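The listed protein sequences derive, respectively, from chains H and A. Note that the working numbering gives residue 168 to position 168 of the first sequence, counting from 1, and the numbers run on in steps of one. Note that the working numbering gives residue 157 to position 157 of the second sequence, counting from 1, and the numbers run on in steps of one.
Derived from the structure by calculation, the hints contain no laboratory data. Being a predicted model, the structure only gives us computed values, none of them experimental. We treat Cβ as the ideally placed atom computed from N, Cα and C, and that holds for glycine. A few of these clues could be false.
Stated by the list, open to error - Away from chain A, derived, C-beta distances all over 12 angstroms, residues of chain H: (1) 34; (2) 63; (3) 84; (4) 168; (5) 211; (6) 212.
As the list claims (entries may be wrong) - 30 angstroms max Cα-Cα, derived DSS-like pairs, lysine-lysine: (7) H:283 - A:221; (8) H:316 - A:225; (9) A:153 - H:181; (10) A:244 - H:316; (11) A:225 - H:276; (12) H:12 - A:153; (13) A:2 - H:179; (14) A:244 - H:14; (15) A:244 - H:12; (16) A:153 - H:10; (17) A:225 - H:208; (18) H:291 - A:16.
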Amino acid sequence: MVLVIAEHQKGKFKKATFETITYGAKTAELLNTTCTALVLGQAEGIDNLGTYGASKVMQVNSDHLTSFDSQVYAATIANAAKELGAKVVVINHSTTGKSLLGRLAVRLEAGSVSGVNSLPSLDEGFKVNKNVFSGKAVATFEIKSDVKVLSLMGNSIPPEEMGAAVGVEALNVEVPTPKVKVLEVKTVDGIVPLPEAELVVSAGRGMKDPGNWGIIDELAGVLGATTACSRPVADAGWRPHHEHVGQTGVAILPNLYIAAGISGAIQHLAGVNRSKVIVVINKDPEAPFFKAADYGVVGDLFEVVPKLTEAIKAFKAS
Amino acid sequence: MKLLVCVSKTPDTTAKIAFTNGNTEFDSAGVQYIMNPYDEWYALVRALELKEAAGGTVTIINVGTSDNDTVIRKGLAIGADEAVRIDADPKSAYFVAKQIAAYAIDKSFDIVFTGKETIDFNGSEVGSMIAEALDLPFISYATNLEMDGSSAKISRDIEGGTEVAQIDGAFVLSASKGLAEQRIPNMKGIMMAKRKPLNVIPPVDVAEHAVVVNYELPPAKQSVKLIDPDNMTELVRLLHEEAKVI
Ligand SMILES: Cc1cc2nc3c(=O)[nH]c(=O)nc-3n(C[C@H](O)[C@H](O)[C@H](O)COP(=O)(O)OP(=O)(O)OC[C@H]3O[C@@H](n4cnc5c(N)ncnc54)[C@H](O)[C@@H]3O)c2cc1C
Ligand SMILES: Nc1ncnc2c1ncn2[C@@H]1O[C@H](COP(=O)(O)O)[C@@H](O)[C@H]1O
Numbered sequence: 001m002v003l004v005i006a007e008h009q010k011g012k013f014k015k016a017t018f019e020t021i022t023y024g025a026k027t028a029e030l031l032n033t034t035c036t037a038l039v040l041g042q043a044e045g046i047d048n049l050g051t052y053g054a055s056k057v058m059q060v061n062s063d064h065l066t067s068f069d070s071q072v073y074a075a076t077i078a079n080a081a082k083e084l085g086a087k088v089v090v091i092n093h094s095t096t097g098k099s100l101l102g103r104l105a106v107r108l109e110a111g112s113v114s115g116v117n118s119l120p121s122l123d124e125g126f127k128v129n130k131n132v133f134s135g136k137a138v139a140t141f142e143i144k145s146d147v148k149v150l151s152l153m154g155n156s157i158p159p160e161e162m163g164a165a166v167g168v169e170a171l172n173v174e175v176p177t178p179k180v181k182v183l184e185v186k187t188v189d190g191i192v193p194l195p196e197a198e199l200v201v202s203a204g205r206g207m208k209d210p211g212n213w214g215i216i217d218e219l220a221g222v223l224g225a226t227t228a229c230s231r232p233v234a235d236a237g238w239r240p241h242h243e244h245v246g247q248t249g250v251a252i253l254p255n256l257y258i259a260a261g262i263s264g265a266i267q268h269l270a271g272v273n274r275s276k277v278i279v280v281i282n283k284d285p286e287a288p289f290f291k292a293a294d295y296g297v298v299g300d301l302f303e304v305v306p307k308l309t310e311a312i313k314a315f316k317a318s
Numbered sequence: 001m002k003l004l005v006c007v008s009k010t011p012d013t014t015a016k017i018a019f020t021n022g023n024t025e026f027d028s029a030g031v032q033y034i035m036n037p038y039d040e041w042y043a044l045v046r047a048l049e050l051k052e053a054a055g056g057t058v059t060i061i062n063v064g065t066s067d068n069d070t071v072i073r074k075g076l077a078i079g080a081d082e083a084v085r086i087d088a089d090p091k092s093a094y095f096v097a098k099q100i101a102a103y104a105i106d107k108s109f110d111i112v113f114t115g116k117e118t119i120d121f122n123g124s125e126v127g128s129m130i131a132e133a134l135d136l137p138f139i140s141y142a143t144n145l146e147m148d149g150s151s152a153k154i155s156r157d158i159e160g161g162t163e164v165a166q167i168d169g170a171f172v173l174s175a176s177k178g179l180a181e182q183r184i185p186n187m188k189g190i191m192m193a194k195r196k197p198l199n200v201i202p203p204v205d206v207a208e209h210a211v212v213v214n215y216e217l218p219p220a221k222q223s224v225k226l227i228d229p230d231n232m233t234e235l236v237r238l239l240h241e242e243a244k245v246i
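Based on the provided sequences and hints, a complete structural model is requested.
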């Protein structure tokens with residue numbers, strides 16, 4: 001059986017979770033087995049999870065699951081995996097998933113691969129791919145243990161409505177008492193966080209001054225995109241540090257990455273070169289970023305960006 | 001406070017990525033190695049700051065062969081008191097974590113620091129594995145850590161925001177940007193590092209459950225399509241009709 005952990009934030013399931021369920025269901029098909037989704041704690045829309053391919057949906061409820069403690073969550077998932085006889089456990093490659101994957105590997109004495117981006121190949125052993133060297137290469141891992149745990153990189157496979165809604169079953173497993181006391185959770189509502197964003201508009205030192213960001217916010221606004229930035233801009237405090245993408249910032253793989261006034265240094269590319277389509281706006285035709293771009297505009301961003309915003313507005317209106 | 005910082009060695013951020021032996025091994029020819037930035041800039045420096053404020057020791061630990069000694073000495077030059085190297089060629093996160101846990105299990109460290117990920121394998125796994133093997137709480141992607149006696153208040157990155165948590169007692173954390181500011185070793189530090197202990201210990205037996213069997217470089221990008229800066233309507237058309245991303 002393939003067990004998928006259906007992660008939710010503040011009781012809501014996000015696209016990444018539907019992707020993971022679809023991934024779990026497809027992996028189960030390959031292995032000739034079934035896929036079960038597991039929900040920890042209370043969430044809305046649990047009935048829906050079957051639609052994405054889970055043939056069974058189970059829920060563990062406990063007061064100990066209302067805030068996140070990786071030790072408690074991992075123990076609960078491992079207890080469930082053992083109880084249900086799971087052979088493969090899949091979670092989102094999110095901050096939550098990353099805190100759990102290693103713990104699950106140790107608890108279940110399982111081989112683990114984090115951030116996989118492809119369905120397993122079963123030709124010779126159980127093999128999965130993941131990006132390594134900050135997106136500069138792909139590695140194929142073979143997992144040899146009986147039980148396997150994987151975290152799925154967001155935006156690697158599209159969620160598919162491949163099943164039907166199923167009822168929720170309660171699962172009784174031991175849930176330990178948390179040692180971590182969560183004092184505060186601050187999230188910005190209404191903005192898709194960078195690792196999940198499909199459209200990203202990013203800007204760098206070419207912006208000259210933090211006061212000039214209005215044109216970037218406007219472009220992102222009409223596109224419904226999330227904003228990002230290069231490292232020096234975050235280091236200088238022009239932009240919040242969670243917007244910093246690259247080797248030492250967030251690694252992203254959106255469908256569209258628009259970069260304005262960013263030179264395309266190797267450490268910047270490391271975090272964004274897996275974007276499906278890259279648009280570069282730079283006044284320097286020699287900027288290295290053009291080599292990694294699909295579409296390039298050689299010009300002054302202060303003129304080009306507002307024109308692009310207008311063109312998108314016109315496109316959306318048509 | 002007794003602090004343990006896990007440090008790894010990675011290719012320099014500008015290193016050319018290539019593979020040898022039928023694409024089964026990283027080609028290290030001509031590659032410069034550095035201490036993994038998250039380990040050096042954030043984990044190690046925050047550990048040193050805590051020691052400077054409250055006293056104690058900072059031990060750095062690495063799983064690797066003697067090739068890693070230069071990187072380990074750099075950690076000592078930045079200010080760690082002593083170093084331990086577990087003498088083995090690490091093949092997986094599981095192997096590394098089990099080695100470090102076997103060393104740490106009877107030494108009652110107050111905090112075990114790791115970086116949020118290594119910039120070569122981008123695993124983000126070792127910290128969480130050590131925590132489980134030591135049966136300790138784990139906070140990933142920590143951006144701030146304040147101690148109040150034996151109680152820690154930690155902020156960490158979560159999707160689209162921050163979470164603040166409190167832990168009383170020992171724990172493991174992985175360090176992200178914001179936890180501290182990079183320190184450059186000075187001449188005195190470099191001289192002192194030569195006399196600080198670097199203990200080499202043998203590995204324990206650990207099964208390798210997940211190993212790399214093959215590497216591949218991504219296909220080369222098609223050359224860029226340039227668009228007239230005065231014709232953004234054309235760019236929008238291409239993004240819609242050709243690239244199908246909007
Ligand atoms: C260990 C290490 C890790 C690093 N990690 C990261 C990382 O994670 N992320 C990251 O981004 N960087 C990282 N860097 C820094 C990286 O090397 C570059 O210095 C940085 O990406 C440059 O930022 P930038 O492109 O915004 O600025 P610049 O390199 O200064 O580029 C500005 C660009 O704007 C263009 N420009 C200027 N004015 C205009 C205009 N009016 N219209 C159009 N274009 C204009 C210029 O032609 C230029 O190409 C790292 C460096 C090191 C050493
Ligand atoms: N060989 C190693 N020796 C010591 N610590 C390591 C080693 N490999 C990884 N680590 C630590 O684990 C962190 C996360 O690594 P990873 O899980 O490989 O991304 C690193 O930032 C280091 O702190």
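The hints, checked one at a time:
1. 34: 24 angstroms, holds
2. 63: 17 angstroms, holds
3. 84: Per Cβ check, residue 84 (chain H) is outside 12 angstroms of chain A; nearest 20 angstroms; holds.
4. 168: 24 angstroms, holds
5. 211: Nearest chain A Cβ is 23 angstroms from residue 211 (chain H), so the label holds.
6. 212: 18 angstroms, holds
7. H:283 - A:221: 21 angstroms, holds
8. H:316 - A:225: Holds - the C-alpha atoms of residue 225 (chain A) and residue 316 (chain H) are around 23 angstroms apart, at most 30 angstroms.
9. A:153 - H:181: Measuring from Cα to Cα gives roughly 9 angstroms; hence the hint holds.
10. A:244 - H:316: Cα-Cα ~14 angstroms, so holds.
11. A:225 - H:276: 15 angstroms, holds
12. H:12 - A:153: 27 angstroms, holds
13. A:2 - H:179: The given pair, whose Cα atoms are some 20 angstroms apart, holds under the 30 angstroms limit.
14. A:244 - H:14: Distance of about 23 angstroms is within 30 angstroms: holds.
15. A:244 - H:12: 29 angstroms, holds
16. A:153 - H:10: 22 angstroms, holds
17. A:225 - H:208: 26 angstroms, holds
18. H:291 - A:16: 16 angstroms, holds
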